[in-house]
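Trainee: Quick note: the sequence shown, position 129, residue 129 per full-length UniProt numbering, numbers continuous.
Don't take every hint at face value.
In silico DSS-like links for lysine-lysine, alpha-carbon gap of 27 Å or less [stated by the list, open to error]:
#1 127 to 95
#2 102 to 128
#3 142 to 128
#4 127 to 184
#5 128 to 100
#6 128 to 95
#7 184 to 128
#8 202 to 128
#9 142 to 95
#10 151 to 127
#11 142 to 100
#12 151 to 301
#13 92 to 102
#14 184 to 202
#15 125 to 142
#16 127 to 102
#17 92 to 106
#18 102 to 151
If you're looking for bench data, these hints aren't it; they were derived computationally from the structure.
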Amino acid sequence: MVCSAHFHDLTSHSRKKAKSWLCGLQPSGVLMVDAVQPLSDAAKQYLTERYININEFSEEVLNLPLAEFETVLSSDDLQVASEDVVYDFVLKWAKLHYPKMKDGHKVLGSRLGHLIRFPYMTCRKLKKVLTCNDFVHDLMSKVVLEALFVKAEAAHTQRTLATELSAITNRCFVERAYIYRPVKVVEFELPRQQFVVYLDLKRDECVRLFPSGQVDSQIFHCGGLGLFLSAHCNMDQQSSFHCFGLTLGMQEKGSIKTSKEYVSKFKRNYTFTARMEVGSRNLFAIPWTNFMADDNIYFIKGMLHIRA
Numbered sequence: 001m002v003c004s005a006h007f008h009d010l011t012s013h014s015r016k017k018a019k020s021w022l023c024g025l026q027p028s029g030v031l032m033v034d035a036v037q038p039l040s041d042a043a044k045q046y047l048t049e050r051y052i053n054i055n056e057f058s059e060e061v062l063n064l065p066l067a068e069f070e071t072v073l074s075s076d077d078l079q080v081a082s083e084d085v086v087y088d089f090v091l092k093w094a095k096l097h098y099p100k101m102k103d104g105h106k107v108l109g110s111r112l113g114h115l116i117r118f119p120y121m122t123c124r125k126l127k128k129v130l131t132c133n134d135f136v137h138d139l140m141s142k143v144v145l146e147a148l149f150v151k152a153e154a155a156h157t158q159r160t161l162a163t164e165l166s167a168i169t170n171r172c173f174v175e176r177a178y179i180y181r182p183v184k185v186v187e188f189e190l191p192r193q194q195f196v197v198y199l200d201l202k203r204d205e206c207v208r209l210f211p212s213g214q215v216d217s218q219i220f221h222c223g224g225l226g227l228f229l230s231a232h233c234n235m236d237q238q239s240s241f242h243c244f245g246l247t248l249g250m251q252e253k254g255s256i257k258t259s260k261e262y263v264s265k266f267k268r269n270y271t272f273t274a275r276m277e278v279g280s281r282n283l284f285a286i287p288w289t290n291f292m293a294d295d296n297i298y299f300i301k302g303m304l305h306i307r308a
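Please construct the entire structure, taking both the sequences and the accompanying hints into account.
Mentor: As C-alpha cells, this is what we get:
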C-alpha cells in the first residue's frame, strides 16, 4: 500500500491527477481515511477550481462520475447565472448517466437533490419543478414549500435562516456567487396588476462597480415579459463625477406600460419596448465617494436594500 506521504507528494507534483483519484479515495474504500484526507481535499479543491464555471466546461462536467459531479455542485463559489441553471444542469447530467426514470429518481433524491439551492431559484422555475417528473413528486413538494418559506422572509431573516439551517442540514440554503443577483418579487393582482421587486447589494459588490462596472439582477416576469434591474457606476452627465445608477430593462420583445419607484428617489411612467432600459444615472443624487462613505445612511449593516 502506497503511504499517505507519497500520495501527498504526488498531489503536489501532478495536480491534474487529483480528480481521477477522488473516486478511489471514498471513505468506504480506504482503511486509513485520516491518512489520505489531504489527498482527498486536494482532489476536491482541484475540481472546484477547474470547474468553477460549469458552462465553460459543460461537456467535461456532464461526463464526470457521480462523486466528482457532487464535489463540483457542492461549491459555494460556483459561477452560474442563477440557481435555475444549476437545476437544469443537474437534470441533464442525471438523464445522461441514469436514463431509466427509476434510477434517476434514486440518484436525484439521495445524492444530488440536496446540492441544488432551491431557495435561490426563481418562483417561475419553482412552479415548473412541481410538475417535473424527474424527481419524486412528494419530495419536490416539500422542497419547494421550504424554498418559498425562506423566500417569504425579509432579507435579513433569510440570511439568518440560511446560517441556522445550513448548520443543521447542508449548504442548500447558502447563496452562491451568482453572475446575476437574485431578487425577491411580490405580485399584486388588485386593484391592478403590479409587482414590487427587492434587490440587495453588499457593500463590497458596490465597491467592485467602480469606475464603470455593472451588475444585473436575475430576470423576473411581469405580464409575461422578462424584466431585470441593473445597478452600475457611471459618470454624472451634468457634474462629471462618478455616481450610482439604477435602471430597469426588458429582455424580451413586446410592449407594456408600467411605473416604478426606487427608494422613493425616482418615479416615472414608461411604455416599454424590446431591449429598452430606463432609470436614473444618479439614483441618490450624490457623488460616488459620498455614496460609498462609511456614514452613508443607505447601507444598513453593509447591505444596500433596493425596492423597485
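Trainee: Against this structure, judge whether each hint is valid.
Mentor: Results of checking the hints against the structure:
{"no.": "1", "hint": "127 to 95", "in the structure": "holds, 21 Å"}
{"no.": "2", "hint": "102 to 128", "in the structure": "holds, 20 Å"}
{"no.": "3", "hint": "142 to 128", "in the structure": "holds, 14 Å"}
{"no.": "4", "hint": "127 to 184", "in the structure": "holds, 15 Å"}
{"no.": "5", "hint": "128 to 100", "in the structure": "holds, 21 Å"}
{"no.": "6", "hint": "128 to 95", "in the structure": "holds, 17 Å"}
{"no.": "7", "hint": "184 to 128", "in the structure": "holds, 18 Å"}
{"no.": "8", "hint": "202 to 128", "in the structure": "violated, 30 Å"}
{"no.": "9", "hint": "142 to 95", "in the structure": "holds, 23 Å"}
{"no.": "10", "hint": "151 to 127", "in the structure": "holds, 14 Å"}
{"no.": "11", "hint": "142 to 100", "in the structure": "holds, 24 Å"}
{"no.": "12", "hint": "151 to 301", "in the structure": "holds, 20 Å"}
{"no.": "13", "hint": "92 to 102", "in the structure": "holds, 15 Å"}
{"no.": "14", "hint": "184 to 202", "in the structure": "holds, 15 Å"}
{"no.": "15", "hint": "125 to 142", "in the structure": "holds, 15 Å"}
{"no.": "16", "hint": "127 to 102", "in the structure": "holds, 23 Å"}
{"no.": "17", "hint": "92 to 106", "in the structure": "holds, 15 Å"}
{"no.": "18", "hint": "102 to 151", "in the structure": "violated, 31 Å"}
In summary, the numbered hints that this structure violates are 8 and 18.
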